[in-house]
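Asks: Spelled out from the first residue to the last, the chains are:
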Amino acid sequence: MDVDDSSALMIDEIYANGDDDNNNRTIRRPIISGDQLDIEAYASLYSGHTKISRLIFIADHCGDNLTMRLEALRMAFDEIKKGENTQLMREVANKIDGRLGSDYTLDEAWCDDIDRRAEQKKEKLENELNSSRTNLIKESIRMGYHDFGDFYYAHGQLGEAYKSYVRTRDYCTTSKHIVNMCMSAILASIEMGQFSHISSYVGKAEQAREALDTITTSKLHCAAGLSNLKTKKYKQAARKFIETSPELGSHYNEVIASQDVAIYGALCALASFDRTELKSKVIDNSNFRDFLELVPEVRELINDFYSSRYASCLEYLGNLKSNLLLDIHLHYHVETLYDQIRQRALIQYTHPFVSVDLNMMANAFKTTVAGLQKELEALITDNQIQARIDSHNKVLYARHADQRNATFQRVLETGRGFDRDVRSMLLRSSLIKHGCSMRSLTRKP
Amino acid sequence: MDPLEALVAQIQGLSSSSADINRLHTILKQSEDSLRSDSTRLSSLLSLLDPSLHSLGFLYILDAFTATSISNQQAEEGVVPIINNFIHACSVEQIRLAPDKFVSVCKRLKEQVMLLEAPIRGVAPLLTALQKLQVSREHLTPLHAEFLLLCLLAKCYKTGLSILDDDIFEVDHPRDLYLYCYYGGMICIGQKRFQKALDLLHNVVTAPMSLINAIAVEAYKKYVLVSLIRHGQISSSLPKYSSPITQRNLKLFCQPYFELANSYSIGKIADLEAYVNTNAEKFESDNNLGLVKQVVSSMYKRNIQRLTQTYLTLSLQDIANTVQLNGPKEAEMHVLQMIQDGEIYASINQKDGMVRFLEDPEQYKTCEMIEHIDSSIQRIMSLSKKLTTMDEQIACDQLYLSKVGRERQRYDFDDYDVPQKFNI
Chain X
1 MDVDDSSALM
11 IDEIYANGDD
21 DNNNRTIRRP
31 IISGDQLDIE
41 AYASLYSGHT
51 KISRLIFIAD
61 HCGDNLTMRL
71 EALRMAFDEI
81 KKGENTQLMR
91 EVANKIDGRL
101 GSDYTLDEAW
111 CDDIDRRAEQ
121 KKEKLENELN
131 SSRTNLIKES
141 IRMGYHDFGD
151 FYYAHGQLGE
161 AYKSYVRTRD
171 YCTTSKHIVN
181 MCMSAILASI
191 EMGQFSHISS
201 YVGKAEQARE
211 ALDTITTSKL
221 HCAAGLSNLK
231 TKKYKQAARK
241 FIETSPELGS
251 HYNEVIASQD
261 VAIYGALCAL
271 ASFDRTELKS
281 KVIDNSNFRD
291 FLELVPEVRE
301 LINDFYSSRY
311 ASCLEYLGNL
321 KSNLLLDIHL
331 HYHVETLYDQ
341 IRQRALIQYT
351 HPFVSVDLNM
361 MANAFKTTVA
371 GLQKELEALI
381 TDNQIQARID
391 SHNKVLYARH
401 ADQRNATFQR
411 VLETGRGFDR
421 DVRSMLLRSS
431 LIKHGCSMRS
441 LTRKP
Chain Y
1 MDPLEALVAQ
11 IQGLSSSSAD
21 INRLHTILKQ
31 SEDSLRSDST
41 RLSSLLSLLD
51 PSLHSLGFLY
61 ILDAFTATSI
71 SNQQAEEGVV
81 PIINNFIHAC
91 SVEQIRLAPD
101 KFVSVCKRLK
111 EQVMLLEAPI
121 RGVAPLLTAL
131 QKLQVSREHL
141 TPLHAEFLLL
151 CLLAKCYKTG
161 LSILDDDIFE
171 VDHPRDLYLY
181 CYYGGMICIG
191 QKRFQKALDL
201 LHNVVTAPMS
211 LINAIAVEAY
221 KKYVLVSLIR
231 HGQISSSLPK
241 YSSPITQRNL
251 KLFCQPYFEL
261 ANSYSIGKIA
271 DLEAYVNTNA
281 EKFESDNNLG
291 LVKQVVSSMY
301 KRNIQRLTQT
311 YLTLSLQDIA
321 NTVQLNGPKE
331 AEMHVLQMIQ
341 DGEIYASINQ
351 KDGMVRFLED
361 PEQYKTCEMI
371 EHIDSSIQRI
381 MSLSKKLTTM
391 DEQIACDQLY
401 LSKVGRERQR
411 YDFDDYDVPQ
421 KFNI
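Just so you know, the sequences run in chain order X and Y. Each residue of the first sequence is one higher than the one before, starting from 1 at the first, in the UniProt record's numbering. Each residue of the second sequence is one higher than the one before, starting from 1 at the first, in the UniProt record's numbering.
Rather than coming from a laboratory, the hints here were simulated on the basis of the structure. For every residue, glycine included, the Cβ atom is placed at its ideal position computed from N, Cα and C. It cannot be assumed that every hint is accurate.
On the chain Y side, residues computed to face chain X include the following (Cβ under 8 Å) [claimed, not checked]: (1) Q131; (2) I168; (3) D199; (4) T206; (5) A207; (6) R302; (7) R306; (8) T313; (9) L314; (10) D318; (11) R379; (12) M390.
Please model the entire structure based on the sequences and the hints provided.
Replies: Structural data, given as structure tokens:
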């Protein structure tokens with residue numbers, strides 16, 4: 001097995017990592033993305049609603065950092081102004097609260113104007129839809145509903161938009177229409193945070209008769225990945241993200257940027273894949289490598305993880321953390337994913353050894369022996385590591401379960417259980433029998 | 001001739017062959033009333049009879065004699081020894097003709113020794129009595145529960161255990177079984193045979209019953225506690241085969257015990273102790289406080305046992321810290337006790353205060369182990385044979401067939417449209 005082969009090679013590296021870590025570090029490139037998030041650059045990756053909601057999310061979650069908060073709000077304000085969502089405009093203006101000068105206060109006139117035009121447009125759309133409904137022209141009805149969906153979407157009425165998109169379904173004539181309907185519904189539900197809908201529409205779109213083009217497939221993969229991520233199915237999420245083709249580029253930037261695909265995919269994969277899977281599906285995956293090139297620090301950290309340089313891997317992760325916490329989709333999963341990655345690293349570190357020096361291991365993970373001992377204890381109790389700790393000599397010994405003894409134990413236990421169950425069963429049946437005969441006696445004396 | 005003297009004469013004359021005894025039995029049944037009305041002279045009659053030869057007649061007269069209220073004085077004079085002698089000497093064939101009488105005499109013996117506050121005097125006679133009354137060792141007599149109660153009161157747990165090791169399969173009255181299992185469970189708890197106690201209490205809790213009864217409730221409380229001591233947890237629901245009425249209602253009656261179990265499962269010793277202290281009165285009134293205290297101390301053990309899974313060596317100080325004991329000295333005591341009881345395998349190095357946990361030394365290679373396994377296999381084989389015979393018996397049972405037949409018919413009629421339900 002290639003794990004075992006490589007483990008021999010790993011040992012040197014691990015020790016090297018534990019001991020003269022500092023030399024290694026200077027040779028490698030410095031970590032770049034530890035610095036504060038460049039909101040301007042970040043926002044430029046996205047378009048449409050997601051840009052606004054991501055900016056607002058940053059503003060809500062950047063903590064005490066006032067400049068960052070205002071910067072995010074300012075850009076969100078500019079972006080909203082281009083659109084037609086007056087509701088959101090009011091919220092953001094409220095959040096800015098006049099702190100960005102008079103250019104960034106609520107423009108009532110603008111709002112009224114937009115609202116009035118929206119009314120007119122809605123009326124127009126209704127008329128069109130009604131006329132096509134009376135004429136029973138399928139295609140026009142579909143178009144009508146679709147326009148309605150777009151209209152609602154633009155105005156931030158996502159629930160209505162979703163409903164309108166779904167209504168087009170009955171009037172779809174070609175599979176292209178169906179795919180179109182699915183994509184729109186997915187878009188609306190992502191923005192609503194209704195991730196349960198997504199998987200069904202992804203499924204529906206994938207069943208379309210005509211083969212989908214790569215970009216659409218990639219979009220669907222991304223959507224499915226997001227929905228799995230939200231439901232904490234990290235393994236499935238990782239699979240979906242790494243299947244995404246790099247042709248996606250910026251085609252789906254109303255939802256997700258290629259960089260995000262790389263980050264989400266990589267973190268989920270680290271948290272849920274085993275070594276062989278990691279190698280075959282992530283590192284050797286030429287498609288996904290293109291994504292990883294976009295975020296070199298993530299690429300580095302995956303390679304570090306695979307080649308067991310856990311300290312630097314964890315350092316990369318630590319540096320990335322503050323920015324990942326500002327990501328709208330990843331925010332609630334960062335902690336869990338990090339914990340799982342760390343656990344996986346600990347498990348992998350101990351796996352090839354019969355005994356591990358805890359001092360060395362603590363060094364490799366940049367932690368104290370006592371802390372490490374606690375972590376290991378939790379993992380052993382969870383039965384994730386088969387080992388026992390010699391806390392006197394600070395050594396971890398692998399424990400190989402004795403199959404023979406375990407079998408004997410289980411057999412005896414099963415025997416006892418059977419014995420017990422049968423006896424109480426016989427007893428109960430005797431009681432029931434007694435009850436039956438008692439009743440029959442009373443019935444016919 | 002005086003009717004009683006005539007009766008004695010008949011008893012003396014008709015106690016040899018089995019046909020005679022049957023005739024005597026009918027005569028005795030008829031003369032029961034006259035015996036009762038003339039109770040004062042009965043003790044003199046008893047002296048005319050030999051309990052081993054005229055057991056049946058002796059039994060009837062003794063029953064009538066003891067049925068009248070006896071003062072303490074009299075009891076000391078003779079009733080207890082008379083019954084003791086009778087139980088010891090009586091002939092098995094004769095008393096089995098009138099089991100009800102025999103049981104009631106034995107129950108009076110029990111009441112007497114209880115009145116005398118010397119339950120230990122009744123232990124040996126009742127054991128003999130129930131062994132004589134038992135048709136086979138699988139049969140539960142009404143005396144089982146009485147005997148166990150006396151054992152409990154007299155603290156003769158070991159004597160009690162001797163009958164608990166028999167497998168009971170034949171039960172005449174459910175109440176006998178409930179009490180037998182309940183008292184039996186308490187005796188096993190007294191002897192710290194928790195698994196056996198669990199089995200017995202489990203039988204009460206899961207027994208088929210149409211009304212909830214106090215015995216089951218009390219048994220369930222103890223079941224919860226013993227289960228915590230033995231397994232460190234309780235299963236949240238009763239097994240499916242227990243009667244619906246118990247599944248619905250038992251928990252309502254045992255609320256404090258469930259909260260205790262919840263607190264136990266969290267694993268914080270301080271919380272558990274606080275809970276026990278605040279609810280001590282409730283447990284006290286159920287007479288379960290002692291058992292509850294055992295539950296608390298079992299938590300230390302469980303936590304130490306858990307450590308053996310994760311550590312090879314650990315200092316006494318660390319053990320004391322993780323298990324929340326007051327210092328290494330106390331930890332040492334606990335570990336030592338557990339090593340002694342065979343609950344963990346470890347050695348303590350007093351020089352540097354380290355405990356080295358070892359693996360279970362059992363290699364399953366010894367002759368004793370093989371014999372043990374072999375005997376288990378034999379036992380299970382005989383059990384499954386029993387199961388098969390039982391199954392056959394039920395399949396041939398007229399009552400069962402008529403009941404099932406009726407139901408089948410009704411279903412057939414109802415589900416006429418959906419025949420696929422019946423592809424048995």
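Asks: Which numbered hints does this structure break?
Replies: 1, 6
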